[in-house]
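Generate the whole structure from the sequences, applying the supplied hints.
Note that the protein sequences, when read in sequence, are chains V and X.
Read left to right, the first sequence gives residues 1 to 209 (this note's numbering).
Read left to right, the second sequence gives residues 210 to 1260 (this note's numbering).
Calculated from the structure, these hints are not laboratory results.
A quick note: this is a predicted structure, and the numbers were derived from the prediction, not measured.
Virtual Cβ for every residue (Gly too), placed ideally from N, Cα, C.
It is possible that part of the hints are untrue.
As the list claims (entries may be wrong) - Interface residues of chain X toward chain V, partial, derived using beta-carbon atoms under 8 Å:
(1) Arg-496
(2) Val-688
(3) Ile-730
Stated by the list, open to error - Okay, the calculated bits of chain V under chain X, using three or more residues with CB under 8 Å as the criterion:
(4) 8-16
(5) 151-163
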Amino acid sequence: MSRKRLQQLTESLLRSARHFNRKEVERLIKLFNTLAAESRERFAAAAGLDRNMFRNILHCTFGMMDDMIMDRVFRAFDKDNDSCISVVEWVEGLSVFLRGTLEEKIKYCFEVYDLNGDGYISRDEMFHMLKNSLLKQPSEEDPDEGIKDLVEITLKKMDYDHDGKLSFLDFEKAVREENLLLEAFGPCLPDIKSSMAFEKKTFQDTPDL
Amino acid sequence: MGAALARAAQWTSAGAGRGTLEITPLNESLLNEIIRFVEGFSSRHPQEAAFVFREPLEWRTQLGCAAFGAGYQGDGTTVQSDAKSKDGQPLLLLTGSTIKVRSFDQLSYLLHIAMDKKLKEAQACLEANRDPIVNILGPGYGTIEGEDMSMLHLLDKVKKDDDPETEIKMKIFILLSQLDMQLLNSSLKHISQEVRLNPSAVNNEVNLLKHFSGKGEDTVLESLEYTSDYTFSNGCRAPPWRQMHGEICYLIIKPHDTDPLCVTCSTAGVYLNGGKLKEKDDIDYERKSDIYKDIVTFLREKSPKFVENMSKQEYNFFKETASEKYYQHMEAVDAEDSGQSQKPYDYTEKTIYEKTKSSSAKSKSADSKKLEPSLKWKNIVRCATYSDKVTKKDTEHGRRRSSASKKIKKKTTSISPEAASKCKTSEKDEEVSESSSETEEDEEQPERHQEGNIDLPSEYWQIQKLVKYLKGGNPTATVIALCSMKDFNLAQETCQLAIRDVGGLEVLINLLDTEEIKCQIGSLKILKEISQNSLIRHAIADLEGLQIMVKILESPDKDLKCLAAETIANVARFKRARRTIRQYGGIKRLVGLLEPIPVGSSALTPAQAKDFAIARSGALALWSCSKSTKNKEAILKAGGIPLLAKWLKCSHVNILTPVVGTLQECASEQSYRRAIRMEGMIEDLVKNLSSEHEELQMLCASAIFKCAEDKETRDLVRQHGGLQPLSVLLGNTENKQLLAAVTGAIWKCAISGENVSKLQEYKTLEALVGLLTDQPDEVLVNVVGALGECCQEQINRTIIRKCGGIPPLVKLLTGTDQALLVNVTKAVGACATEPENMMIIDRLDGVRLLWSLLKNPNPDVQASAAWAICPCIENAKDSGEMVRSFVGGLELIVNLLKSKNKEVLASVCAAITNIAKDEENLAVITDHGVVPLLSKLANTNNDKLRRHLAEAISHCCMWGSNRITFGETKAVAPLVRYLKSNDPSVHRATAQALYQLSEDPNNCITMHENGVVKLLLAMVGSTDETLQEAAAGCIANIRRLALATEKAKYG
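Pasting the structure below:
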């Protein structure tokens, strides 16, 4: 990549991903290039990070476990839906992922949780996302009963317009009231330790030359 | 059957021997059951019915021989059955009135022929055979209290040998134990319906009925009296040997329409007894009527007039019981509240609030946001509605007892082994060193009635479900459950205790120990709320939650830190918690939370706002912790003072309040007072006196109150213009806590003369005088203290008189609060130095009041009163006469010379000096032995006492042979040594005393021997004329004696 292009890219990204400074953007681009190269080698994918590579990063670097959620995070990063994360998507995505404001994060999380992308988180979607969240008790007759109950509890708490599903407005209002509900249906943001570790590794450690 | 008979049946005599079964409904039904069982036995179990008893059942029957029909042979007095056992014994044998029966066949036949005497026969049989099973099956099957192993025993036997008899035995035994169960069950039903009266219930009812009794047509009864006025400590009036039978008391009730009724109230109910025995002062205790559940029901049966008049009174009657109960309960609640509440003044308002609350609660209380009303109002409502059901009272009684025992348990847990082992420093040491400010709070051993298992609120089940999800969920489910739990009204005690009772606290605290920040935050958000409840606080400490929270204070997540500190602030309201926090290094971390340096008052960035919130939570926690002395030291060591000083400069009330709160708590320590002055915090404290927030004002005033013990601080307060805002705050008479702090600050500031003149400018004195009435003691102590200080200046004494301050002051002399009395006596004494004031005091009999305070057990009060008496005697007209008029007064004051307290002694000496100025009084106190008592005190190093003692001695010399007596009681030699003291006022008083004593030649010799001349010669050169004169006079007396001796020798 030519120096000039890199500079252009950096300039434009500095505008779109507001939470990073120039040096940080440069570092992220560099990291992307390394990863993309690795990705090409291992998975023979075209320019950018493919799903597997990205999931690998989410898992190893940010400690995410849930396949479905990781898939959804990939989708959220992959704005143009080409199953590949470009450098722009990478930097912009990380901007929210690591340093997003509450507003940005709410939007991002809602996107992740809205599995079918219809603008609502429905009962089924919640059930789907929460289904592994309770320890199965062998004594219980209906193993899903607890989950269903949990879904009802969540709806009761978050469904302000009482239409049986969460709109973005519902979600936003609930999260603003209680920040803990931001990741109500599964972790889709890095926890403070891994994000600090990532930032440290990426932005500080490596000497530039 | 055995168990039922032993436990359920009511035997008349509790003692040994053969008791009789009482005819009570319960026993009757038991007997009927047994009869039914026996009668049907031979037809239902023919094989078992033929079984021959091990021993015959033997009792005295009322059946005659004639009653027996075919199958029996009789010869007039004896009857025996044809049926015989294997060894030839007849299965039934009647000899005279004694009958022996050996099988169920015969038993059921017997009952059959007994017809209507069945009950009597069964009763007689059971009375004679207390455990029939033993007779039937053998002693191995006797009824044993506790675990019944005989069944297993028997089973073993059956297995071992195939004896058919054992098998039958087994069957019989099983049948009998079935019967036993049945009997127990039915008797349980009976018992549960039965009324159990207790002394207080009876007493309440009697009092109530008395209320409606008396002469006249409308009353329900003519009279109603206890037979005995003596009440035992358990509330019963019956003699102890009758209490054994459950009897509570005896009443003589005179209804309008029948003869007087003599009534027994027992735990079983109310019934008519045999009445008073004529010749003896005793009662025939036998029951003569049915048992009624209470007196009212009893009277309804006995007296138609009662019923008639009752219906007129009914409405009032029940209303009164209800309200009476209600108020009783409210009082209890209040008492609890005052123990709990940190603000003792506002609890009356609270009461009103709760009262209205509880009445509205009846209708609907879903939205009640009040701290803990839920369980309480339930009690109240219940009491109100069921007040006529005596049973309820009984349960209430039981509950109270259980809550008392719970309390005791609490106390023991507070020194649980776990805590003891953790405490590295010795516990005792700690107890002593804890500062006074925490005492009242540490008594906050919570007492709340926890309703047993009756109607748990729906919240309980919902919370239980959520706790289940907390336990069994992954972090996501946990967070959802936590958020949902947070939506309950956690300020409500029901919810708080529900969380505890379903094991939620353990889970919440475990969550703190995880790595999941969201779970930790959610858990802390709940803990923060529920730790408002002291029960929960103690539980959190017991579960070692504090240790984890202290650890969390180091977390990188700011929200988490903040919540942990806030929760710690709540939990640290009792001593053990504070100690734990310190021992786990919490103080240092909390001080660390204050680290970010505050910014100006400009708008905060979000990051700054967060730092700010953290600092605030840290300050809140420190405030709670600073109630323990050792924590104060720890805060100092952790470098907390400079940080607090920096935050004190900021202008946000949110943080100023805890910061000043911590400071004022710590200001009890000298080191802090110095630091507060040196760090320039006085200025900020003064500045915040003008804050808009009363709490902050109060805390600042309180800090100044404590710090102004030091003179430099008092000057600083004045220099920073603090006196004016303080004076202004006196106008706020509503907030008593604020008023107490402000008046305290004024009091301490007024110790400096410059401050007094400033205060004069602000007309503070007038305001203070206005506060002398209708204020709580906490305020009065300080107001009077301030007045006492101001009165050191003459002009102020006049001002006080002019604004009518003296009468209320004198009136306060009758108070009981020791601290207040010390200050009042001081103020009155100061006022008395003005003759015009003295006239008023005298007129109000103030001196007598002061004098009677000499009897107060507190030495501070004694001393202060004695000091105040001095100016009174000096300035009163006819003071000698006045003093004499106090009967026993002089003896009282002379006897105070036996006190051990130096201050008391000095003050009493000063008072005696003044008393001795009147010759007649001097004579009286001499008679009371003042001279030897004074002499005894002579060996002292206390200059204050020396001075007043010397003065007292010099004045007491004026009477009779007192001079000689002083010499004889060896007062002279020590006095000479006083001249070596460094205090000039001691010199003067001593010289005068010596001058007086030197009138006696023997004293002169003693003085001379002790080298007085050289010392006195130095005194002659003093600039103090009185001292000069006295010293010279004394030397002259000694010299004259020497000359006279010489003359006598050689002349």
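Tell me, in ascending order, the numbers of any earlier hints that this structure violates. 1 and 4
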